[in-house]
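*Asks:* Sequence:
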Amino acid sequence: MQFPDDGNGDMLRALMDAGIDLSQPLAIDFYLVFKNKDQAEKAMAALVASDLQGEVELHFNDLEQWELIVSQTMLPEHEAITAREAELDKFAKKFGGHNDGWGVMQHQDGDDDFDDEHGDDCDHDCGHQH
Numbered sequence: 003m004q005f006p007d008d009g010n011g012d013m014l015r016a017l018m019d020a021g022i023d024l025s026q027p028l029a030i031d032f033y034l035v036f037k038n039k040d041q042a043e044k045a046m047a048a049l050v051a052s053d054l055q056g057e058v059e060l061h062f063n064d065l066e067q068w069e070l071i072v073s074q075t076m077l078p079e080h081e082a083i084t085a086r087e088a089e090l091d092k093f094a095k096k097f098g099g100h101n102d103g104w105g106v107m108q109h110q111d112g113d114d115d116f117d118d119e120h121g122d123d124c125d126h127d128c129g130h131q132h
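Residues 3 to 132 (this note's numbering) make up the sequence shown, in order.
Calculated from the structure, these hints are not laboratory results.
All figures in this text were calculated on a predicted structure; none of them were measured in a lab.
Take every hint as true, because none was put in to throw you off.
Below, a list of computed lysine-lysine pairs in the DSBU-like style, where the Cα atoms sit at most 30 Å apart:
| id | residue 1 | residue 2 |
| --- | --- | --- |
| 1 | Lys-96 | Lys-39 |
| 2 | Lys-96 | Lys-44 |
| 3 | Lys-92 | Lys-44 |
| 4 | Lys-92 | Lys-37 |
| 5 | Lys-95 | Lys-37 |
| 6 | Lys-44 | Lys-95 |
| 7 | Lys-95 | Lys-39 |
| 8 | Lys-39 | Lys-92 |
| 9 | Lys-37 | Lys-96 |
Throw the hints in and build the complete structure from the sequences for me.
*Replies:* In structure tokens form, the structure reads like this:
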């Protein structure tokens, strides 16, 4: 598989080299950063109310910026990721923020120890994968 010679192509190449199957949908996290909490909260509210797809989380990151993480399950294709980044960057700029890249969570040794976040209260009707 070949990828364009840019940041997104480099990331896709690294994922493939790490053994991730790029023919399957992945939960891709897009990062939008803001200088202050008010901007980030307004962006989050607008994002949730909009037609833009994805789950959202707000965090204060190590660089002392407010980071809005938009997670979307999609095929990891260069053109789709690049288009989504541009769309989210345009959205973030309305609130004084900008796109700061994307990534995926990779399975690490020992992750199975934490697979069931519902604990003992979970049953087969809870709706998540067991």
